[in-house]
Each structure stands twice: as structure tokens, then as C-alpha cells.
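The listed protein sequences derive, respectively, from chains U and X. Just add 1039 to the spot in the first sequence (first one is 1) and you have my numbering. Just add 1039 to the spot in the second sequence (first one is 1) and you have my numbering.
Calculated from the structure, these hints are not laboratory results. Fair warning: this is a prediction, and the values are worked out from it, not measured in the lab. Be a bit skeptical, because a hint or two may be false.
Copies of the same chain look alike in the list, so a pair counts if it fits in one copy or across any two.
[Claimed, not checked] Straight-line Cα separation of at most 27 Å, DSSO-like style, residue types lysine-lysine; simulated pairs:
#1 1148 / 1273
#2 1304 / 1327
#3 1304 / 1335
#4 1308 / 1056
#5 1350 / 1304
#6 1335 / 1308
#7 1308 / 1350
#8 1152 / 1304
#9 1335 / 1350
#10 1277 / 1148
#11 1308 / 1152
Chain residues, written in single-letter form:
2 protein chains.
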Amino acid sequence: MNIPSLSDMLAAHERIKPFIHRTPVLTSRVIDEIVGAELFFKCENFQKAGAFKARGASNAVFGLSEEQAARGVATHSSGNHGTCLSYAAGRRGIPCTVVMPRTAPQAKKDAVKGYGGRVVECEPSTSSRESVFAEVVAESGAEFVHPYNDPRVIAGQGTCSKELIEQVENLDAVIAPIGGGGMISGTCLTLSQLAPGLRIYAGEPAQADDALRSLRAGRIIADDAPNTVADGLKVPLKELTWHFVRQHVTDIFAVTEHEILDAMKLVWKRMKIVIEPSSAVPLAAVLKNREMFAGKRVGVIVTGGNVDLDKLPWQ
Amino acid sequence: MNIPSLSDMLAAHERIKPFIHRTPVLTSRVIDEIVGAELFFKCENFQKAGAFKARGASNAVFGLSEEQAARGVATHSSGNHGTCLSYAAGRRGIPCTVVMPRTAPQAKKDAVKGYGGRVVECEPSTSSRESVFAEVVAESGAEFVHPYNDPRVIAGQGTCSKELIEQVENLDAVIAPIGGGGMISGTCLTLSQLAPGLRIYAGEPAQADDALRSLRAGRIIADDAPNTVADGLKVPLKELTWHFVRQHVTDIFAVTEHEILDAMKLVWKRMKIVIEPSSAVPLAAVLKNREMFAGKRVGVIVTGGNVDLDKLPWQ
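So here's chain U without its partners, still in its complex pose (with noise of 0.2 Å):
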């Protein structure tokens, strides 16, 4: 295994300066007394494409030499990542392939091309979408962005709390959703080695709860199919992100779909900022813990903001 390292994260984030946004950290009076605790939002809905896997993405694509990179980049993803990924592409003007299986939403696909990005169609199944990919790999010879079990994209989510703790002194912990673990493997190689004393929680939905119960087990448990509102946490870890949380993270709380819809539409209603239902989860996790939190100055992770406004969750 290829494990990043904090100098790889180091470098990762002089890379990507000029591609991304440093972005905001905002606080809630209202919510920290709903809480007992100070929470200081990391608000990477404010990111560059909508979300913080516009960093890994970008250390990616930054990283390649100029030989690698005329032939592009490719992965298969229905999510940000394959938005980021064509975001980055397109700053450094390389051809960029997401395969994604014909059934996702078109707001998706749309995302992707309005960055430049080419989008390959696939059957909804897993061997569907192999095919496919080590075709588009074959015929392009395009370099596999894999949207989390890279060191590449590790290291370049990892500069989000090395943003964080530069904006916010003496945090007790940070949170982040969990799904296939990028965000917080990038959180636990640099707070780790940044901020050693600081506790790495993460949440995840009750109905994907499979990081929940690999922590629990010692080894990696992968669901099937799960279904969550929290369309971003339904993947499972893979061998480089479960290296770093079952090092670094003190827990992982699970949440109830109900809980992350509340936690969602506390944040529109009282920060008045639009984030997706992946982002509620640390949210609705901390006010699910209350005791474990209380009195405490918490860094919570708002990891994305792109949501179908015509079509959201709660209605």
C-alpha cells in the first residue's frame, strides 16, 4: 500500500492553492445552545464545484506529468467526485472521462459536462460499470482518479483540516461524514500529525452503517446495497482509508434518516446555507451525542453543497 504522508498533504495543498478556495469556517449561535458546545462549520459546500473532493481531485490531476496528463483522467463515480474530477480536468485543460450507469440523475451527468467533462454510460450494476471502465482506460489510456482509495486524493482532502485548524484554535475534535472514507482518512493524516491531541469522530447513516460496524469488527465489512438519503456515504472503505480509521478515529456515531433530514434543514433554516444530506450527518450525529460533546469546541466537516432543488429529500 501506497500510504500518504503529511509531506505528501504538504505539498498537496501548495498544488491545489491556486484550483480551490480556501472556504469559510461559520458559526451558529442558535445551534451551539440547541448543542452545548461550539461548533465551527468547515463549509466546503462553498468549494470549488460544490464540494471538498474538488481538492483530492485537483491534487491529482495537478500531480500528473505532461505526458500523463494529454491522455486524461477517468473514473467511474455518479457523485462529486466525478464533478471535481472533470472540474480539475477542465482547470488544466485534459480530457476527462466519468463513467456513470445510465440511471443517475441527468443533473449529475450535466455537472460533469458543464466542466468539459465526457460522460460514459453504464448498466446500474457493478460488472456493468467494470466493463465499461477498462474499456474507456483501454482506448484512452487515461490515468484512474479512484474517487477515495488513492493517496493522491487523500492527501489532497487531507489539506481541508490543515485549512481548518489554521481558522479555528484549540479544537477538541472534528467530525466528518464517513462513507468511503476519504475525507476522513485526509483528516486523520493531518491531524494526527498536526494536532496529535485532537479526537477524530466521524458519522454515518444508521441505514450505511457498515465503517460503524468494521470499527467495531477490526476488519472491513461491505453492505450490498445500501439505501440512504446521504447519497454520498453508501460506498464502502477500501484498504487505504481503512488504515487511517482504524488508527485514528475515537468512534463513529450512526444516525437515523429522520435525524440527518433535521440536522439538514437546521443548517438551511438557521445559517440560511444550502448543504446535501451527506453533510447533515456530523450534525445530526453531534446532536444524537450531546453528552460526548458538551462544553466542547467541535470542527464539524460541511463536506458538500449540491442538491436537486427541484427535487429535495424532505418532500
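Go by the hints and put chain X onto chain U.
Structure of chain X alone, referenced to chain U:
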């Protein structure tokens, strides 16, 4: 008429600073490209109680003598002014009564109560409102704080554009929504003296374009019962706001309901912030009149972010 002066506005800013946010100015590369101008969004949706009206209300409340303050404040409003007056009164710890039609949305009544104010219901008619309100004032001796036709309120709203020109250099123009004209009057008060070269525009719903027709006619025209999704903009100009509008507003642009909703969704989708329909009117006006703003640096006042998330206007 008691016309507020520049020094009233400056005094207001000192007075209310502990109770309001210096709201951020946001930009969007994507929207700038669409418009062909540089837009600087002054985000009063992040203001206390979710709207710029916290400025004027705080100025009125904190300017009261101890004796008057003890008797409290009162207003009639089914919108942000009622909520914001309740917020300001709560901060000073004095009574606040808001007279509202019994048909007003429950969310608006709850918002007033949430800050400690009292809601007194009237029938949805002007005569009922006036008689109920007169009773409230007679009983309590509360100070009436009009939503906009009040020099203390206008001086308070003027602090918004003072901050804007401190935050952004070399603006060519500022555009704000116009309803009763409180925000635009405060903007005129401040900018006509602190930035006299800067042009002041207003956006107005075509379905409630009484201010536009007033400006054309040279006298106040009030509509009977205008109907628009921008529910904060249904009220007519009054003598104080007309004083500022007729002197300092270069032009008013009318926009359709469809254009308002399109601009609102564009902001939610691209900027990831929650703004209310009234706040989208200036952007809709800029989008509709691009040639007027091409290449210019334009301040856009985003007046508030209070929407009913369970009943979005495009659904």
C-alpha cells in the same frame, strides 16, 4: 418630516454594532460570467434574525430612553420587520408586540415568539389592523416602530451600504430590492454622501411595481393588493422613503415572477446560500438588463434568507 442625516446613520452604526453581524460580501465566478459584470453580494441573509431589518429595528430599540424602553415597542408586520423588532427588543430585554393578521403563516408568528415577542392577531384587513394596533399602543404605551417610514429605521438600514463600501472598493453601482423603500432609502442616505459618484438602482416585482410607477409619475402611487412571490415587496412607498427614492435612485427595474424564481434558484445552486424571493429581485434585474451593467462593479444587496423550507415557491 424628520429626515435622517448622515450623522444619524453613523451614530446608528456605533449603537447597533454589538447586536448585528458585519455580514460578509460573497462573489461567484459563475454568476459573474453569466452577467458579464463583477457582482458583490452583501449577504444580509446571514444577518441576525435572517434579514437586514435587524439593523433598523436595533437602532430604534437601542435608541429609546430607559423610560420609553420600559413600556416596550410595537409594530404591525407579517414579515421580517416583526421578527427583527422582536429580536432587538429581546436583546434589550424589553416587551415587544407584533400585530399580525390571523391568516399570516404560522412560521412567521413562531419567529416573533422565538425571540420573546408577543403576537396579537387581527383580521386580515387594514381597518382591523389599525384598530387592534391602536388598542395595543393605548394599553401598553409601547413605542411604534414602523417597518420603514421611520427615520431611526432608515438610519439603521443605511449601515448596510456603509459596510459594503468599506468591504469593496470602487463600486460603480449598488442595487437593492424596493418594497416600502426602507433599505433603498438607507442606501441613498449613505451613498449619496459617502460615495456620490456611485449609482443607486432598485429591482421590483412587475406584479408590485408601484415604486417604478411612482418614480415615473413623480408622486407616490400605491397599489391596492399587489401579489408577488417576493412577499416582502408588496408594501407601498411612504413620504420618508419617497423623499430618498425620488432624489437619489437612478432607475428601477421591474422583473417577472419567473425571473425572480430563476435568479433565486441560480443563487441557491451556485452560491449555496439560502435567500428569500425578495432578495433575488436585484439579481433578476441585473440579469434582465445586462447591457446596463456590463463590465461594471456592482454591489447587490441580498436582503434576507427567511423562507419556508417546506413550501418553496418553485414547487
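Taking the hints in turn, this is what the structure says about them:
1. Within a single copy, residue 1148 and residue 1273 get their C-alpha atoms as close as 19 Å, which meets the 27 Å cut-off; across copies the closest is 40 Å, which misses it.
2. Taking the shortest alpha-carbon separations for residue 1304 and residue 1327, only the intra-copy value of 15 Å comes in at or below 27 Å, while the best inter-copy value is 32 Å.
3. In this homomeric assembly, residue 1304 and residue 1335 come within 27 Å of each other (Cα to Cα) only inside a single copy, at 23 Å, whereas the closest approach across copies is 36 Å.
4. In this assembly of identical chains, residue 1308 and residue 1056 lie within 27 Å of each other by CA distance solely across copies; the values are 24 Å between and 31 Å within a copy.
5. Both within a single protomer and between protomers do residue 1350 and residue 1304 lie at most 27 Å apart by alpha-carbon distance, with minima of 14 Å and 13 Å respectively.
6. Proximity of residue 1335 to residue 1308 under the C-alpha cut-off of 27 Å is restricted to the intra-copy arrangement: shortest distance 24 Å within a copy versus 33 Å between copies.
7. Both within a single protomer and between protomers do residue 1308 and residue 1350 lie at most 27 Å apart by alpha-carbon distance, with minima of 17 Å and 13 Å respectively.
8. Within a single copy, residue 1152 and residue 1304 get their C-alpha atoms only as close as 30 Å, which misses the 27 Å cut-off; across copies the closest is 20 Å, which meets it.
9. Proximity of residue 1335 to residue 1350 under the C-alpha cut-off of 27 Å is found in neither arrangement, the shortest distances being 36 Å within a copy and 35 Å between copies.
10. When the C-alpha separation of residue 1277 and residue 1148 is checked against a cutoff of 27 Å, the pair qualifies only within one copy, where the shortest distance is 25 Å, while the shortest distance between copies is 50 Å.
11. For the homomeric pair residue 1308 and residue 1152, the shortest alpha-carbon distance between copies (16 Å) is at most 27 Å, but the shortest distance inside one copy (31 Å) is not.
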